[in-house]
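K.L.:
Protein chains in written order, with the working numbering: chain H, 1 to 274; chain F, 1 to 185.
Source of the hints: derived by calculation from the structure; they are not laboratory data.
Warning: the hint list may mix true and false statements.
[As the list claims (entries may be wrong)] Examples of chain H residues lying across from chain F (beta carbon under 7 Å, computed):
#, residue
1, 19
2, 22
3, 32
4, 43
5, 76
6, 84
7, 265
8, 274
[Said to hold, decoys possible] These stretches of chain H come out as covered by chain F in the derived footprint (C-beta under 8 Å, 3 or more residues):
#, stretch
9, 87-98
10, 204-216
All figures in this text were calculated on a predicted structure; none of them were measured in a lab.
Just so it is clear, CB atoms sit at the ideal spot from N, CA and C, and this is done for glycine as well.
So you can see what is in the structure, the chains are spelled out below.
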Amino acid sequence: MSNIIAHKHAHFFHSSAQQANSAKLGMWLFLVTEVLLFSGLFVGYTVIKTLHPEMWKVASEQLNWQLGSINTIVLITSSWTVALAVRAAQTNKKGENNGKIVALLAFSILCAFGFMGIKYMEYSHKIHDGLLWGTKYFNHPEAIAHLKEGLKSTFGMSDVALSSPEILTQLKAHAAASSHEGEHLIHHYNSTVVYKDSLMTVEQGHLFFGIYFLLTGLHGIHVIIGGAILCWVMVGANKGRFYEDYYTPVEVGGLYWHLVDLIWIYLFPLLYLV
Amino acid sequence: MSNHDSHSADHADHGHHHVSPMWLYNLIFGALLFLTVVTVWIAQFDFGSANTFIAMFVATIKASLVGLFFMHLLYDERINMMTFGFGLLFVALFFLFPLVDIGSRGYIEELKTNHSGLIQEHEDKEQAKHAKKYKEQLGQLPMLNKTAFITTPEGEGPAPEPAPAPAPAPTAGAEAGGAEATPAE
Chain H
1 MSNIIAHKHA
11 HFFHSSAQQA
21 NSAKLGMWLF
31 LVTEVLLFSG
41 LFVGYTVIKT
51 LHPEMWKVAS
61 EQLNWQLGSI
71 NTIVLITSSW
81 TVALAVRAAQ
91 TNKKGENNGK
101 IVALLAFSIL
111 CAFGFMGIKY
121 MEYSHKIHDG
131 LLWGTKYFNH
141 PEAIAHLKEG
151 LKSTFGMSDV
161 ALSSPEILTQ
171 LKAHAAASSH
181 EGEHLIHHYN
191 STVVYKDSLM
201 TVEQGHLFFG
211 IYFLLTGLHG
221 IHVIIGGAIL
231 CWVMVGANKG
241 RFYEDYYTPV
251 EVGGLYWHLV
261 DLIWIYLFPL
271 LYLV
Chain F
1 MSNHDSHSAD
11 HADHGHHHVS
21 PMWLYNLIFG
31 ALLFLTVVTV
41 WIAQFDFGSA
51 NTFIAMFVAT
61 IKASLVGLFF
71 MHLLYDERIN
81 MMTFGFGLLF
91 VALFFLFPLV
101 DIGSRGYIEE
111 LKTNHSGLIQ
121 EHEDKEQAKH
131 AKKYKEQLGQ
141 LPMLNKTAFI
151 TTPEGEGPAP
161 EPAPAPAPAP
171 TAGAEAGGAE
181 ATPAE
């Protein structure tokens, strides 16, 4: 017996094909607005990067490109499985592909979770290190004062020593000799400074992390929404709603997911590599 | 063009969609993974200002593969590709103006540091020109005529009319604002 629920196109459409094409065009229009939404942040990225090239270089090196690469592969893989799910729906005649669609979508949703998991690791690391936006950025004068206090009390350093070029080698020697606390401070120090041996050089670093969190955060929201859409499509596929004559939700949901992938394809090199 | 439009409605659904072969999806997936490796690999070399350009070039190839094959833009109605294309066109426009702005700032900075006298001279000239124009315009403004300003109710008369000040004020009040103005008074 047939394991599908037949779909009847809405009466104001001439045919299922027309309805499907209309839905798809509507989705593409929506995707354009999504691209325009992101492009504002991309323009912000371009402007800030051009105005502060040196800050950008130091700050972007704080990102973990290995995790970024893994996330790229995760998203590309999920995009592939979603495309295959659409294909399985396209060739689903009597419900023989229902299980396949569900499995492929389930895998894609798993990828969404994986992506967000890795994102969580990255975010918590950034939050821990104070690599944040605006005044939350630990290079805020207060934070610097705090860091300097820490360095002074741990290593007994003078203010002069703190702004001297040899400070890093000194710190490393201290860390090699001593405590866990020292290592921790050095880690902080490393991520603040060391472009031109002065604590203040990366002063505009909060701009980079502002853009970083806005772009990846907005993208992350899209991953979550995309995952939810895929879940909804998966439930429908499990009931046998999608087959060769009607697979619009699979395709349109898939388009959304591909867009999420598309944006990450640009985000990854722009933030992690360049 | 789509050829199923000519079929009758009930037969139109069968075979109206293009189904890409499995090997194509797998090939694109492989290409995307390969290009990801290329992006990461190429990032370790420093090409100076070309770094971003190269990264964006590879990313655009990847995005095109996703768009054309995974999102079926290549096989769909052309209107979808056009829609997205126009969207990208506006993104390009959006990028253009800020880029022109920040791209020309170096030039302005250079002018400021090396030719500050020239700029000052130009600014003074402009300022003098504007001051002169402003004075002329001040003299022409009918609103600044004291009698007209006070007697016209709510200033609702069309401003550009260069009417002689004392005469039109009572007539305007009688014709337009008079009826509503009297109870208020």
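K.L.:
All hints, please: hold or fail.
P.N.:
Against the structure, the hints:
1. The interface hint given for residue 19 (chain H) is violated, since its Cβ lies 10 Å from the closest Cβ of chain F, which is over the 7 Å cut-off.
2. A distance limit of 7 Å between C-beta atoms decides the matter here; for residue 22 (chain H) the minimum to chain F is near 10 Å, and the interface restraint is violated.
3. Using the Cβ-Cβ criterion of 7 Å, the hint placing residue 32 (chain H) at the interface with chain F is satisfied: the shortest such distance is roughly 3 Å.
4. The restraint placing residue 43 (chain H) at the interface with chain F holds, with a minimum CB-CB distance near 5 Å, inside the 7 Å limit.
5. The closest approach between the C-beta of residue 76 (chain H) and any C-beta of chain F is roughly 5 Å, which is under the 7 Å cut-off, so the hint is satisfied.
6. Restraint check, residue 84 (chain H) versus chain F: the minimum CB separation of about 6 Å is within 7 Å; hint holds.
7. For the restraint placing residue 265 (chain H) at the interface with chain F, the shortest Cβ-Cβ distance is roughly 5 Å, inside the 7 Å limit, so the hint holds.
8. Contact between residue 274 (chain H) and chain F, as hinted, is supported at the beta carbon level, the nearest pair being about 5 Å apart and thus within 7 Å.
9. Counting residues of the stretch 87-98 of chain H whose beta carbon lies closer than 8 Å to any beta carbon of chain F gives 3, which meets the minimum of three for the stated coverage.
10. A stretch counts as covered by a chain when three or more of its residues have a beta carbon under 8 Å from one of that chain; for the stretch 204-216 of chain H and chain F the count is 0, and the coverage is violated.
Comparing the model with each numbered hint stated earlier shows that hints 1, 2 and 10 do not hold.
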